[in-house]
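*Asks:* What follows is each chain in one-letter form.
Number of protein chains: 2
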Amino acid sequence: MSRFLSERYSAIEPYTPGEQPKNRNLIKLNTNESPFLPSPNVIKALNETEISRLNLYSDPDTREVISAIAETLGVNENQIMMGNGSDEILAFAFEAFCDKEHEPCFADITYGFYPVFCELFNLEPEIIPLKDDLSIEPSDYFNKNKPVFIANPNAPTSLALSLPQIEEILIHNRDNIVLIDEAYVDFGADSAISLIGKYPNLIISRTFSKSRNLAGARLGFAVSNPDIIADMLKMKFSFNPYNINRLSIIAGKEAMLDAEYFEKCVNSIKETRGYISAEMRKRGFAVPESKTNFIFAKHNILSGTDYYNKLREKNILVRHFDKERIRDYVRITIGSREQADALLNATDEILKGC
Amino acid sequence: MSRFLSERYSAIEPYTPGEQPKNRNLIKLNTNESPFLPSPNVIKALNETEISRLNLYSDPDTREVISAIAETLGVNENQIMMGNGSDEILAFAFEAFCDKEHEPCFADITYGFYPVFCELFNLEPEIIPLKDDLSIEPSDYFNKNKPVFIANPNAPTSLALSLPQIEEILIHNRDNIVLIDEAYVDFGADSAISLIGKYPNLIISRTFSKSRNLAGARLGFAVSNPDIIADMLKMKFSFNPYNINRLSIIAGKEAMLDAEYFEKCVNSIKETRGYISAEMRKRGFAVPESKTNFIFAKHNILSGTDYYNKLREKNILVRHFDKERIRDYVRITIGSREQADALLNATDEILKGC
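Protein chains in written order, with numbering that gives the first Met the number 0: chain G, 0 to 353; chain X, 0 to 353.
If you are wondering where the hints come from, they were derived from the structure by calculation, not from laboratory data.
One-sided and incomplete, this derived list gives chain X residues near chain G with beta-carbon spacing under 8 Å: (1) F3; (2) Y8; (3) S33; (4) R52; (5) L53; (6) P59; (7) N83; (8) I176; (9) N212; (10) Y241.
For each residue, glycine too, the CB sits at the ideal point set by N, CA and C.
Looking at chain G on its own, in the form it has when it is part of the complex (with noise of 0.2 Å):
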C-alpha cells in the first residue's frame, strides 16, 4: 500500500478470482466456464472485416446485443443494460442503491464479491445464514427495508429458490430493491424475468460467461424497469461509457440469438451434472441438488482441503473455499462427459488411499 491511498480502503480485502492457470494441461474445473466452444454464428461473425474495425470506437449505448437480448427474452430495450462482465452490473448496483441509509443485506453463503462491493463502497452489510442445509429461508428476507441481494441459484451452494418463493419475497419488500443474481439460472431453475413488470424494484442480473460459452468476452447485463435502468446507466456512463468493447457486442449478439446451440449446450451440461452427481454419491459424497452448471460435494471422510490439493496434484483444479460452514465442500464445474470420467477416476485413486 502507498502513501497516498485513501485511508478508507486501508483494510480493504479485493475479491479473488479462480486460478487461471498457463498451463493448459490441467483439466480446469474451478471457474464455472462452459466446456463447449462460443456459438458458431459467433465465429463467423467475428471475420476479419470487423477485426479492422477495432481502430472506431464501439457504440456506447450498446445497441445491437440489447436488442437481441429485448428478442430473446421478451423484454423492451430501455430495460436492459450492459455491463462489461455481470460483476460490473453488480457494482453499479451496490454503487447506484445502497448508502448508510441503505446497507444491503445478503446470505452469509453467496457469491463472495457482494462483501468486497461493501467493502470498497463503505457499507455495512447485514448477513443473513442460510439454513443448515444451506438453502434460503425466504422468510428471512421478508420487510428488510433495505436493498436485498439473492443469487439464484446460489453460488457456491448449487441450489436454487422456486419462483413463487421469489416472488413471496417481492411482495414482502415494496420499498427497497431487490436484485436477483441470474448467473446461473439457464441450468434449470427459474428465472424472475416474468415478474420485472410487476415489481418495479426487481433487478436481475446475468451474464454471458456460463450458459453462452463466452467467459472470455465479458458481458453481463441488467434487466428491470426503464427508471431503475437509467439509475445504472448513469453510474455507467459516469464511471467507464465505452464498457464493452466492439467484438463483444457482436459475440454477445449471436450468442444470444442462436437459441438451438444455446440449448444443445445446456442440456449437455445438465446431463453431465446428473451423470456426475449420481456417480459422486455412489462414492460417499453428499451432492446437493444442482441448479447450476458446477455441483458443491462434501465426502463423509475426505476433508475438502484434502480432496482439492489430492485433486491438484493429479491435474484437476476445483474450488474449495477456507470459510466456515463450507470448509468441507469443494465446487466443481460441470464440464465434458470427458472431463468428468477424468474426474472420478482421480477421485477413485484418490479415496483408495483414504
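Keeping the supplied structure of chain G fixed, place chain X upon it in accordance with the hints.
*Replies:* What follows is chain X alone, placed relative to chain G:
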C-alpha cells in the same frame, strides 16, 4: 431517476461521449479515433483459434499485454496495470487517491470526464484556470498538497507542457499524487515515463485508442511505482477483476510490439496535421500548435456552433463544446488526407456563405 437511487447521485451529470452515429457515410472527425486499421499483426493474431477460446475467462492479471508494454516502454511489469480503456484507469485513480481530505485539482478546460469522476466519488475539485492562450501555467500547480490531474497534451486544447515543465510540477508536489494523462502523448509531446523511477507519486495514464488504432478494443494502462500500481489493482480486484477481455489482451500485445506500424501511422497523422493546420490558418482560423491527433480551431467570424452545425449538414461530424471560454472553437480529429481535403472543401463552401 427511480426512487431507489442513492440521494448522493440526485444531481449527477454523466459524461457525454462523442456521438457514434450508425450512418457510415458520415465523415467522423469527432472522437479522435485513428483513421488507420489496427496493426496487421493484430488482425492476424485474432484468428479463429483465439476466438474459439472465448468460452474461457481472460487472464485477470493481463500478463501478455503488460509484458509487451514493459518491454516497449522500458519499465517493469509491476509498474503497469491495465484498464478497460484509460477512462477506467482514471476512475480507479480518482477513487483510490482522492477523498474529503484529498480533493483533486485540475484545469477549467481539460478532459471533461474529470469533473464527472468528482461527482461520482463525491469530491469537490479545485479548478485551476488555463491562461488566456489556453495553455497551462506550471507554477499554478506548485505545492498543491492535493492530488493533481493534468492531461498532457491537454484536451481539447491540443497544447502540451514540456518535460522540464512537468518535472517542475513534480518537484513542487512531493506529498501528493500527480497524474499525467498521456492519452495523446504519442503525437508529439514529451512523455513523463522517464520520471517514473524518480518521483514515486507520479502516475501516467495511457490509451490504445488513439496512437495504437484500437479504440474499439477498450484498452488503457497506468504506469507508476509498484506501490501505487498495487493500490490501483486493489480497486480493480474489488470492482471487476476480469476487466479486460481475451481478444483485447492479444490485440494490445500485438499493437504494442509492432513499432514500425505504430510509427508509420503516427507520422502520417502528424503530416496531415501540419497540412490541415496550415490550410485552416489560410482560411481565417486560429489553430494552436497541436501535439495531438486533433486540432482546436477558432474562426475570426464564423461561430463554433455555426461551423459545427454547417459541417454536420455536409455529413462531417466534429466536436463542439458548449462551454465558456471554448464556445468559439471546434475540435477536429486528424483523419486521413482524403478526410482532411473533404473538411477543407466543406469549410470553403461554408465560408463562402459567411
